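S.K.: Chain by chain, the residues run as shown.
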Amino acid sequence: MNVSKVLDAKGLACPMPIVKTKKAMADLQSGDILEIHATDKGAKSDLVAWSASGGHELVDSAEDNDVFKFWIKKA
Amino acid sequence: MTVTPMMAKQLAQKVIRKEPIFVLDVRNHDSFSDWKIEGENVQSINIPYFDLLDGVEEVMKELPDDREIVVVCAKEGSSIMVADMLAEEGKDVFYLQGGMKAWSEHLEPVKVGDTTQGGEIYQFVRLGKGCLSYMVLSNGEASLIDATRMTDVYIEFAQSKGVKIQHVLDTHLHADHISGGRKIAQQTGASYWLPPKDAVDVPYSYEALEEGKVITVGSTTIHIQPIYSPGHTIGSTSFIVDDAYLLSGDILFIDSIGRPDLAGLAEDWVGDLRETLYSRYKNLSEELMVLPAHFMIMEELNDNGSVGKKLGHLLSENHGLNIESEEEFRQKVTGNLPPQPNAYQEIRELNLGKITKNEEEQREMEIGPNRCAIR
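Chains as they are written, first to last, in our numbering: chain U, 1 to 75; chain R, 76 to 450.
To be clear, the hints were calculated from the coordinates, so they are not data collected in a lab.
Keep in mind the model is a prediction, meaning the values are calculated, not measured.
Mixed in with the good hints there might be a few duds.
[Stated by the list, open to error] PhoX-like, lysine-lysine: derived pairs with alpha carbons at most 20 Å apart: (1) Lys84/R with Lys150/R; (2) Lys74/U with Lys5/U; (3) Lys41/U with Lys111/R; (4) Lys44/U with Lys23/U; (5) Lys22/U with Lys69/U; (6) Lys150/R with Lys20/U; (7) Lys23/U with Lys69/U; (8) Lys20/U with Lys69/U; (9) Lys41/U with Lys150/R; (10) Lys150/R with Lys10/U; (11) Lys93/R with Lys136/R; (12) Lys44/U with Lys150/R; (13) Lys20/U with Lys5/U; (14) Lys41/U with Lys10/U; (15) Lys150/R with Lys186/R; (16) Lys93/R with Lys111/R; (17) Lys432/R with Lys41/U; (18) Lys186/R with Lys89/R.
[Said to hold, decoys possible] Some chain U residues flagged as far from chain R (calculated, every beta-carbon gap over 10 Å): (19) Val6; (20) Lys22; (21) Gly31; (22) Gly55; (23) Asp60; (24) Lys74.
[What the hints assert, rightly or not] If we take Cβ atoms under 10 Å as the criterion, some of the chain U residues that face chain R in the derived model are: (25) Lys5; (26) Ala13; (27) Pro15; (28) Ile18; (29) Val19; (30) Thr21; (31) Asp40; (32) Ser45; (33) Asp46; (34) Leu47; (35) Val48; (36) Ala49; (37) Trp50; (38) Ser53; (39) Val67.
Where a beta carbon is used, it is the ideal one built from N, C-alpha and C, also for glycine.
With the rest of the complex left out, here is chain U:
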């Protein structure tokens, strides 16, 4: 996967992971992939819902040592 940017949102509580994701996405081009690392459990379902509402594609997600990783492709 060709990741354009990695966002470290570890240790941040809701709403910051989404606020930062939105900001990071704004700097990307359509088709670019943003990789996000978060530790807040709520971030998981919110990122899925946020991606869907913005038309972005959640390409993949993984959990690694309590860190949630997401790859979102910009619409």
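Mind docking chain R on chain U? Use the hints.
M.R.: Only chain R this time, still in chain U's reference frame:
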């Protein structure tokens, strides 16, 4: 304008008093449709916080002027952000301190009645999750029934009433919420009672809760008389307290009946459920006040926030007690099951003492509604 925190306790009392409340729930749509704050005079709308990052002008139009506005999210962070934005636009708003997490964990003690010899019985209403637990007090002693994992609430309540918790009982092995029974028993030196048929191979010691035993609260003897009433689980046991109250566990609710499938045995247990509801309960005094371990809908609450009705009333009004044909009952109960509660298998294992989870994990396991009943 101002942003004010509202504690879960304040909100619970407003809901019980039926004060007009407007909830702006900023969680995602799935969380909201799964589980939300409800009440007779609660209006709510759901707009996820991530749709409001660019501004709240659109929401402003939907907010009423004649009721208190409470912004709610999962924990509180997002609701504070949205509340701040609304205040900047000129609205006075509250946010729910601790979010739905705090709402789920809040217990509101409500007195349901006196016992014959100067004792009292209290119901602890967990509005956010629909769980009900009980404390029977008499002469400096207390028994606790179907305690939740918020153990401090009961221990502090007992202290404030000057009573010592002597017995802690679970009507059955719970699958929808984590029992605080064992922990409280350990902390207070009380004995912990569980029906043996629900406690197969548990690694801890307990007192066998069986029909025929009598548990006494205080020297003035309020009898707690167990009645074997299987159906929700094979061990499910009800209690008659002081010949006046029937604690029905998860077998009979106010507007619904128990479900027989949470241990995977609906077909086997539906017969027991029928027998309990249609034979055993029908032989009891109609004057008994039924006090269940759950409620499902806010309409089941009495005006003072308690949940309870005379058995005679339920025998005529509760649909689940009025299905004549056994075949139809079987079909209704096994063919019409609602989704199972969140993490119910893990919750059973935890209550059996087979696994352990830290507090944060326990909290996650209990997210959502209880879903123990069939309407």
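S.K.: Look at each hint and say if it fits the structure.
M.R.: Verification of the hints:
For the hint pairing Lys84/R with Lys150/R, the CA-to-CA distance comes to about 15 Å; that is within 20 Å, so the pair holds. Distance restraint check for Lys74/U and Lys5/U: the Cα-Cα separation of roughly 12 Å lies within the 20 Å cut-off, and the hinted pair is therefore satisfied. Of the supplied pair hints, the one linking Lys41/U and Lys111/R holds, its CA atoms being roughly 19 Å apart against a limit of 20 Å. Note on Lys44/U and Lys23/U: the hinted pairing holds, with a Cα-Cα distance of about 18 Å set against a maximum of 20 Å.
Using a Cα cut-off of 20 Å, the hinted pair Lys22/U and Lys69/U holds, with the two alpha carbons roughly 16 Å apart. Note on Lys150/R and Lys20/U: the hinted pairing holds, with a Cα-Cα distance of about 18 Å set against a maximum of 20 Å. Taking the CA atoms of Lys23/U and Lys69/U, the gap is near 17 Å; set against the 20 Å cutoff, the hint holds. Under the criterion of a C-alpha separation no larger than 20 Å, the hint pairing Lys20/U with Lys69/U is consistent with the structure, at around 14 Å.
Taken as a hint, the Lys41/U and Lys150/R pair is honoured in the structure, with Cα atoms around 11 Å apart against an allowance of 20 Å. With a C-alpha separation of about 17 Å, the suggested pairing of Lys150/R with Lys10/U holds against the 20 Å cut-off. Proximity of Lys93/R to Lys136/R is assessed by CA-CA distance (about 24 Å); at most 20 Å being required, the pair is judged violated. Among the hinted pairs, Lys44/U with Lys150/R is consistent with the structure: their alpha-carbon atoms are about 14 Å apart, no more than 20 Å.
Restraint check: the Cα-Cα separation between Lys20/U and Lys5/U comes to about 12 Å, which is no more than 20 Å; the hinted pair holds. About 11 Å separates the Cα atoms of Lys41/U and Lys10/U, which keeps this hinted pair within 20 Å; it holds. A distance of roughly 30 Å separates the Cα atoms of Lys150/R and Lys186/R; the hinted pair therefore is violated under the 20 Å criterion. For the hint pairing Lys93/R with Lys111/R, the CA-to-CA distance comes to about 16 Å; that is within 20 Å, so the pair holds.
Under the criterion of a C-alpha separation no larger than 20 Å, the hint pairing Lys432/R with Lys41/U is consistent with the structure, at around 16 Å. For the hint linking Lys186/R to Lys89/R, the alpha-carbon distance of about 17 Å falls within 20 Å, and the restraint holds. Listed as a non-interface residue, Val6/U keeps its Cβ farther than 10 Å from every Cβ of chain R; the least gap is roughly 20 Å. With 10 Å as the threshold on Cβ separation, the claim that Lys22/U sits away from chain R is violated: the shortest Cβ distance comes to roughly 6 Å.
At roughly 22 Å, the least C-beta separation between Gly31/U and chain R is larger than 10 Å, which holds for a residue marked as non-interface. For Gly55/U, the requirement that its beta carbon stay farther than 10 Å from each beta carbon of chain R is met, with the minimum near 13 Å. With a least beta-carbon separation of about 20 Å from chain R, Asp60/U lies farther than 10 Å from that chain, consistent with its non-interface assignment. Under the 10 Å C-beta cut-off, the non-interface status given to Lys74/U relative to chain R holds; the minimum distance is some 15 Å.
Given hint, Lys5/U at the interface with chain R, is violated; its Cβ is 19 Å from that chain's nearest Cβ, farther than 10 Å. Hint status for Ala13/U relative to chain R: holds, with the closest Cβ pair at about 5 Å, below 10 Å. Interface restraint check for Pro15/U: the shortest CB-CB distance to chain R comes to about 4 Å, inside 10 Å, so the restraint holds. For Ile18/U, the interface hint holds, the least distance from its beta-carbon to any beta-carbon of chain R being 5 Å, beneath 10 Å.
Checking Val19/U against chain R by beta carbon gives a least distance of about 6 Å; that is within 10 Å, so the hint holds. A cut of 10 Å between beta carbons decides the hint on Thr21/U: the least distance to chain R is about 9 Å, and the hint holds. A hinted interface residue such as Asp40/U counts as satisfied when its beta carbon comes closer than 10 Å to some beta carbon of chain R; here the least separation is about 9 Å, so the hint holds. The interface hint given for Ser45/U is met, as the beta carbon of that residue sits about 6 Å from the closest beta carbon of chain R, less than 10 Å.
Among the interface hints, the one on Asp46/U holds; its C-beta lies about 6 Å from the nearest C-beta in chain R, closer than the 10 Å criterion. Annotation: Leu47/U was flagged as interfacial toward chain R, and the flag holds, the nearest CB pair being 9 Å apart, inside 10 Å. The beta carbon of Val48/U is positioned within 10 Å of a beta carbon in chain R (closest approach about 8 Å), and the interface hint is therefore held. Among the interface hints, the one on Ala49/U holds; its C-beta lies about 4 Å from the nearest C-beta in chain R, closer than the 10 Å criterion.
Given the 10 Å rule on beta carbons, the hint for Trp50/U holds: about 4 Å separates it from the nearest Cβ of chain R. Here the hint on Ser53/U is kept, as its CB sits about 6 Å from the closest CB of chain R, short of 10 Å. Of the supplied interface hints, the one on Val67/U is violated, with its beta-carbon coming no nearer than about 16 Å to a beta-carbon of chain R, more than 10 Å.
The earlier numbered hints that this structure contradicts are 11, 15, 20, 25, 39.
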